[in-house]
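Engineer: Numbered by numbering that gives the first Met the number 0, the letters in the sequence shown go through residues 0 to 159 in order.
Rather than coming from a laboratory, the hints here were simulated on the basis of the structure.
This structure is a prediction, so every number in the text was calculated from the model and none was measured.
The beta-carbon is built from N, C-alpha and C at its ideal position, and this holds for glycine as well.
One or more hints might be untrue.
[What the hints assert, rightly or not] Okay, the calculated beta carbon distance ranges per label pair:
1. SER3 - LYS146: 27 to 33 Å
2. LYS109 - ASP130: 19 to 25 Å
3. TYR64 - ARG152: 23 to 29 Å
4. SER66 - ILE1: 14 to 20 Å
5. ASN65 - GLY156: 37 to 43 Å
6. ALA91 - GLU59: 29 to 35 Å
7. ASP27 - ARG81: 38 to 44 Å
8. LYS92 - ARG138: 20 to 26 Å
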Amino acid sequence: MILSIMGDMIRYFHNDVRRINHALKVYDFACLIAHGSEVDTETRQVIEIAALLHDIGIKEAERKYNSSASRYQEEEGPAVARTILEPYHLDAKTLDRICYIIGNHHTYTKIDGIDFQILVEADFIVNIYEDEMKPDVVRSIRKKIFKTEAGTRLLEGMYL
C-alpha cells in the first residue's frame, strides 16, 4: 500500500520534482527515526503515510491563496489527503490521525504523540539542508523541537 500511496503523491505533484523529492526525503528520515524509536506497526503506518503526504496541501494553497504559507498548507492538506487515501479504505481512526498530523504539522504546540513528533523531526532534518540553516539555528531547533533519541542522533550526526 505505501508504494501505491507514494505513486499517488508523485502523480499529484506531477512535474514539481522539488516537492516530490522533499516528500520522499522526509519519508526516508521518518522511517529511520521510527525504526530507531521501535514504534509499533500501526504507528509506523501513520508515520509513513503522513510523511509522504505532509505537504500535500501546497498545490491547493497556491491555487486558492496564491501562497504556500504553512497555515494554508495545514488548512488544505487534510481534504486532499482524504481524497488520495480514499481508495485504500483505511480505518477512520488511522485516517483521522494522518489528517490531524498533516493539518497541524507546522504547529509544534499540537504535537501530541510519537507519530507526530517523528514526522516533525524528519521534516526539520530535510528542511535544515534545503533551507541552508546555520548551526546556531539548528542548535535552537534541537533544543526546542527534538525529543526522540533516534532523531536527535541523526540531527547531530548530520549538522552539528
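Engineer: So, for every hint listed, does it hold in this structure?
Structural biologist: Evaluation of the provided hints:
1. SER3 - LYS146: 27 to 33 Å: holds (31 Å)
2. LYS109 - ASP130: 19 to 25 Å: Taking Cβ atoms as reference, LYS109 and ASP130 lie about 22 Å apart, which means the hint holds.
3. TYR64 - ARG152: 23 to 29 Å: For ARG152 against TYR64, whose Cβ atoms are near 38 Å apart, the range 23 to 29 Å is violated.
4. SER66 - ILE1: 14 to 20 Å: violated (30 Å)
5. ASN65 - GLY156: 37 to 43 Å: holds (39 Å)
6. ALA91 - GLU59: 29 to 35 Å: Violated - the Cβ-Cβ distance for ALA91 and GLU59, about 23 Å, lies outside 29 to 35 Å.
7. ASP27 - ARG81: 38 to 44 Å: violated (24 Å)
8. LYS92 - ARG138: 20 to 26 Å: violated (37 Å)
The structure fails to meet hints 3, 4, 6, 7, 8 from the earlier list, while all remaining hints are met.
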